[in-house]
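Chains as they are written, first to last, in this note's numbering: chain A, 2 to 253; chain B, 2 to 253; chain C, 17 to 327; chain D, 17 to 327.
No false leads were slipped in.
In silico DMTMM-like links for lysine to aspartate or glutamate, alpha-carbon gap of 20 Å or less: (1) D/221 / C/263; (2) D/100 / D/67; (3) B/3 / C/51; (4) C/221 / B/211; (5) A/3 / D/287; (6) C/221 / D/265.
Derived by calculation from the structure, the hints in this document are not laboratory data.
All figures in this text were calculated on a predicted structure; none of them were measured in a lab.
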Amino acid sequence: MKQRLMQVIGQKETAPGIFEMKLQHDHVRAMQSPGQFVHIKTGTRRHPVLRRPISIADVEDDVLTIIYRVEGEGTKLMKEAVPGSTLDVLGPLGSGFPLPESGRALLIGGGVGIPPLYYLMKALKARGVKVEVILGYRSREQLFKLDDFIELADRVIVTTEDGSFGHQGFVTDAAAEVSAFDQYYACGPGVMLRAVETTFGPSGYVSLEERMGCGIGACLACVCERRDQAEGNTYAKACSDGPVFRAGEVVL
Amino acid sequence: MKQRLMQVIGQKETAPGIFEMKLQHDHVRAMQSPGQFVHIKTGTRRHPVLRRPISIADVEDDVLTIIYRVEGEGTKLMKEAVPGSTLDVLGPLGSGFPLPESGRALLIGGGVGIPPLYYLMKALKARGVKVEVILGYRSREQLFKLDDFIELADRVIVTTEDGSFGHQGFVTDAAAEVSAFDQYYACGPGVMLRAVETTFGPSGYVSLEERMGCGIGACLACVCERRDQAEGNTYAKACSDGPVFRAGEVVL
Amino acid sequence: MSRLQVELPGLSMKNPVMPASGCFAFGREYAQFYDLGLLGAVAVKAATPEERAGNPVPRVAETDSGMLNAIGLQNPGVQAIAEKELPWLAQYDVPVVANVAGRTKEDYMYTARELSRVANVHALELNISCPNVKEGGIQFGSDPGMAAELTRAVKEVSEVPVYVKLSPNTSSITDMAAAVEKAGADGLSMINTLVGMRIDIRTGKPILANKTGGLSGPALKPVAVRMIHEVSQTVSIPIIGMGGIYEAEDIVEFFLAGASAVAVGTANFSDPFACPNLITELDQLLEEMNVDHVSDLSGRSWKAWAGEISS
Amino acid sequence: MSRLQVELPGLSMKNPVMPASGCFAFGREYAQFYDLGLLGAVAVKAATPEERAGNPVPRVAETDSGMLNAIGLQNPGVQAIAEKELPWLAQYDVPVVANVAGRTKEDYMYTARELSRVANVHALELNISCPNVKEGGIQFGSDPGMAAELTRAVKEVSEVPVYVKLSPNTSSITDMAAAVEKAGADGLSMINTLVGMRIDIRTGKPILANKTGGLSGPALKPVAVRMIHEVSQTVSIPIIGMGGIYEAEDIVEFFLAGASAVAVGTANFSDPFACPNLITELDQLLEEMNVDHVSDLSGRSWKAWAGEISS
Ligand SMILES: Cc1cc2nc3c(=O)[nH]c(=O)nc-3n(C[C@H](O)[C@H](O)[C@H](O)COP(=O)(O)OP(=O)(O)OC[C@H]3O[C@@H](n4cnc5c(N)ncnc54)[C@H](O)[C@@H]3O)c2cc1C
Ligand SMILES: Cc1cc2nc3c(=O)[nH]c(=O)nc-3n(C[C@H](O)[C@H](O)[C@H](O)COP(=O)(O)OP(=O)(O)OC[C@H]3O[C@@H](n4cnc5c(N)ncnc54)[C@H](O)[C@@H]3O)c2cc1C
Ligand SMILES: Cc1cc2nc3c(=O)[nH]c(=O)nc-3n(C[C@H](O)[C@H](O)[C@H](O)COP(=O)(O)O)c2cc1C
Ligand SMILES: Cc1cc2nc3c(=O)[nH]c(=O)nc-3n(C[C@H](O)[C@H](O)[C@H](O)COP(=O)(O)O)c2cc1C
Ligand code: FES
Ligand code: FES
Chain A
2 MKQRLMQVIG QKETAPGIFE MKLQHDHVRA MQSPGQFVHI KTGTRRHPVL RRPISIADVE
62 DDVLTIIYRV EGEGTKLMKE AVPGSTLDVL GPLGSGFPLP ESGRALLIGG GVGIPPLYYL
122 MKALKARGVK VEVILGYRSR EQLFKLDDFI ELADRVIVTT EDGSFGHQGF VTDAAAEVSA
182 FDQYYACGPG VMLRAVETTF GPSGYVSLEE RMGCGIGACL ACVCERRDQA EGNTYAKACS
242 DGPVFRAGEV VL
Chain B
2 MKQRLMQVIG QKETAPGIFE MKLQHDHVRA MQSPGQFVHI KTGTRRHPVL RRPISIADVE
62 DDVLTIIYRV EGEGTKLMKE AVPGSTLDVL GPLGSGFPLP ESGRALLIGG GVGIPPLYYL
122 MKALKARGVK VEVILGYRSR EQLFKLDDFI ELADRVIVTT EDGSFGHQGF VTDAAAEVSA
182 FDQYYACGPG VMLRAVETTF GPSGYVSLEE RMGCGIGACL ACVCERRDQA EGNTYAKACS
242 DGPVFRAGEV VL
Chain C
17 MSRLQVELPG LSMKNPVMPA SGCFAFGREY AQFYDLGLLG AVAVKAATPE ERAGNPVPRV
77 AETDSGMLNA IGLQNPGVQA IAEKELPWLA QYDVPVVANV AGRTKEDYMY TARELSRVAN
137 VHALELNISC PNVKEGGIQF GSDPGMAAEL TRAVKEVSEV PVYVKLSPNT SSITDMAAAV
197 EKAGADGLSM INTLVGMRID IRTGKPILAN KTGGLSGPAL KPVAVRMIHE VSQTVSIPII
257 GMGGIYEAED IVEFFLAGAS AVAVGTANFS DPFACPNLIT ELDQLLEEMN VDHVSDLSGR
317 SWKAWAGEIS S
Chain D
17 MSRLQVELPG LSMKNPVMPA SGCFAFGREY AQFYDLGLLG AVAVKAATPE ERAGNPVPRV
77 AETDSGMLNA IGLQNPGVQA IAEKELPWLA QYDVPVVANV AGRTKEDYMY TARELSRVAN
137 VHALELNISC PNVKEGGIQF GSDPGMAAEL TRAVKEVSEV PVYVKLSPNT SSITDMAAAV
197 EKAGADGLSM INTLVGMRID IRTGKPILAN KTGGLSGPAL KPVAVRMIHE VSQTVSIPII
257 GMGGIYEAED IVEFFLAGAS AVAVGTANFS DPFACPNLIT ELDQLLEEMN VDHVSDLSGR
317 SWKAWAGEIS S
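Just chain A, with the same shape it has in the complex:
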């Protein structure tokens, strides 16, 4: 867990409002666990006051890829970063997805929950795991990263909310389509994760989005309730105990 000024080496808008940025630094080599995230400082020393948590979407040698949607002030500042400038990156943070040695995995991503699944898919494929992917987007215009998934995955199912591409509906509406799997890995908004747990059951992992302060476990901003409340163990911190939890481990 380090804080580094990383060099922006490229950035492009891959769908309206969705940006893919590449950052270079020797320290990137330490980002080995898919599902972890980085905490990014934008703007000036005091403004905006909080960092922004963004998933690790890919790592190749010393190059980190992140994919983000422009929402508010922080991501607006990120999209303005030009190649050659630097970005203050804290990470890798949190614990990533546990990786099996073999078997069949189902990856389920919605919106900006999709990016970390790409790095996860690469790691799974490298271990010889069979990977099927459901990707949920808002609409055909909003598709991003899809080709890269298609290239590596054994099968990709796409859903769009408006039905303009693939299946109409949410990721869980494609449940009937999926092949048998040993475990699933899901990342997306809370409402999607709840639906995923209901639909696909307990054999899987979910990655949560919580509003964060410190990002390292010190401020208790990002907690979620554990279902199994062993003594002194009521709340888990999404930033340091998570963001990945076993399905059913925490209340979504």
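Following the hints, position chains B, C and D with the ligands against chain A.
Chains B, C and D with the ligands only, in chain A's frame:
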């Protein structure tokens, strides 16, 4: 008095921490009165909250020149403006120096009070006024705009606080040197203006620096006390009644 | 009826946006930029019975996302205002909210009576919260009993509705609000500035000659929103909200908290067109949000029946 | 003696900088970044008698130059803290300031007694100003009489000096300070957060599940500086200053206002190295300013004999 996004067409550091910036906009043609200033918005909509008052240092056709010292947040942001970007400029504001039709003028500038005197000198010379100038700097390294003054003025006297160039001391320490004049025009910090009034008497004009809010006369931040307090006339506003006042008109 | 029109006691407003008292003088300066008739109302600079010179300079200092001011109620006195400033404003089709200050109850009563008789003054704003003067003002603003007494006294002499402007420098803004509502206030203005200070580390002294000043601007916004949210649930008189409004989104936030109109102060200094721009942007934003009428938003953050806005 | 060393009741500090309570947990996380022995002291997260779950999420929201938090005193309870967290911190050569919270006087007394007996706890910080819990905390913090009673009670059971942490959500911070000083407080911590709110205009609801939260960060700084300036002139116990410290210049400003040490909260979140960096930068700044000792600056903005700093 207008608010315009003007294009930055050039900027250079002419002495350590002193920048000369050129801005282009058709509206610049309206900036005809030397001694007036512009009020500049830097950064984002909300940050920093206040504009920065900067004197008009020169106008040529549609190009405005300003010269400023980097002090705090606002001027730091200004120096980062690259050619092609725009700057939010409100102005011309305030009332400038009254211009005589002929005679002999003494211009007295200290530090960042020097810039408006350049535009004033041009206007005076155009009218056939004889112009003698005293310019006060901190040191030889801090000299700026001097060559341009030398080129046009009938005589230029330089003082530096540390004596590393010209006369040692403040502008008033060069009083013995100056030729007879009809009126003087002074711009610089309050302490300098006080000394100038004491040394050179009442036949002149002084341009004040006050902390400003609105810059247009609405917030009453920038007031100074009038010596002659006619009813309802106790305070003058530096931004709209000034920044130029007759020597002795306001309490410095 | 336009989606922006709002009706408040004494104030029939084309839209809910007015410049805030003290940030707009009596309108002359901003009239050089745009037609003041575009505004929902105009809140003018505080008046006192006699002319006041205000505080020594420097009177303003910048802070992170805010500014401090210690103008000190400089004004030409209520007579000059009633005779020269307000009649000039009458050329515009816009209601005026006249801001009343003073040292004693009698000061307030006198000023209020005089101002309330001016034809284009449609409401008074009792400034019991100015942090920048030694006497009057702030004392009234931190003691519910005194605030109530003052409100009652002014209500007796005023010919137009009376809004009381509350100070955030208190541990219980709801007590203040309840007290002045009970005393007959027709509405509330919330909030005035928080007392703050900046020290220049080069000189070692406060930047402001008055040492302390009132903090306004974006830094104040979360405090204003919280106070309006609290107070609007406990009073039944309308609230004019203010404190760090810079964007149409901020206006919506103030309405959701419980405001029925808003005032814009510090934003005028960085953008002289802030008020008319906000009016246009608010109209567009409401359109995008599918809101029929801005008043529909008022208090929706706490009203039980309120669900998601965009339906 | 180094120019940064300061002596406060119970706290012999290498330098005047400590992380602020609640922003640093019990140090474990930041120990991954630097040696905690570099710090002047460590103020740890509030403890209550029993384990507390805290508030539902979201617990933080960003504002202009600030943030709101409503953690709600989540902590594992004083026993777990005394047995597991604080002993871990003892490996570092740094005094600990233990933050005490509770619902009742008895809660505070129990927690204070337990914490004060832990070897590396050199001072207590009475948190009578947490805005984010329904009972306790804030009530004690807005009533001088109750605050004094609580201070007296805790002083009786504590084996180490007691600092009382004051809330800015009050109309007279000097009354609070005077009351707790008289009751035996050894020092003051100023200030806790201002109560604020943000409403999400898409949902129409407050962003924080707790609705309101405490405003910290740069937006708070001018209020903190003002309050320390006021209080330091009326009490004779030292003040640990906090609220929006991000740069060495800010620390100098707090000292000039009247602080004798400072705490850094929100800045840790954007820069995990904030505290050690500030210590280095402060040393350099004092060198540039020709200040022999940081304590020389304390209260110079109001002390009669104080002239220009750089001489
Ligand atoms: C572990 C984790 C991984 C994430 N990975 C990605 C990713 O790979 N790509 C991507 O586009 N987004 C990702 N997000 C969401 C991303 O953090 C937010 O979209 C972003 O912080 C919004 O910042 P902003 O400045 O655009 O918005 P603003 O509205 O200005 O943000 C204001 C504050 O709210 C917080 N916030 C707002 N929305 C969210 C959110 N959805 N989740 C958490 N905090 C939020 C911000 O961090 C900030 O503190 C991730 C979130 C988490 C917790
Ligand atoms: C009419 C007028 C004309 C001026 N012309 C010039 C010029 O041509 N070149 C130049 O370099 N400077 C000029 N100044 C001074 C210039 O305005 C300040 O140096 C500048 O505002 C400092 O801003 P900052 O962001 O660098 O400093 P900060 O310290 O960040 O400023 C904080 C606040 O204090 C105000 N402030 C700080 N110093 C001064 C000052 N000396 N005078 C007024 N306000 C101040 C700022 O405007 C801002 O509101 C002029 C000032 C006035 C009033
Ligand atoms: C320069 C200045 C002068 C002010 N003068 C007054 C005043 O005379 N009367 C008053 O009631 N409020 C006065 N205020 C307070 C504003 O009306 C408003 O309540 C406050 O600034 C918060 O709004 P803002 O953040 O939009 O500025 C003044 C504020 C500023 C910045
Ligand atoms: C996330 C968070 C948690 C906090 N928890 C506590 C706490 O438990 N006890 C306490 O006395 N203050 C607590 N505070 C207040 C801080 O100690 C400090 O007084 C305040 O944040 C102002 O300093 P800052 O602007 O540097 O953050 C907390 C602040 C934050 C931001
Ligand atoms: S964000 Fe601070 S504990 Fe998780
Ligand atoms: S700066 Fe507002 S009146 Fe001069």
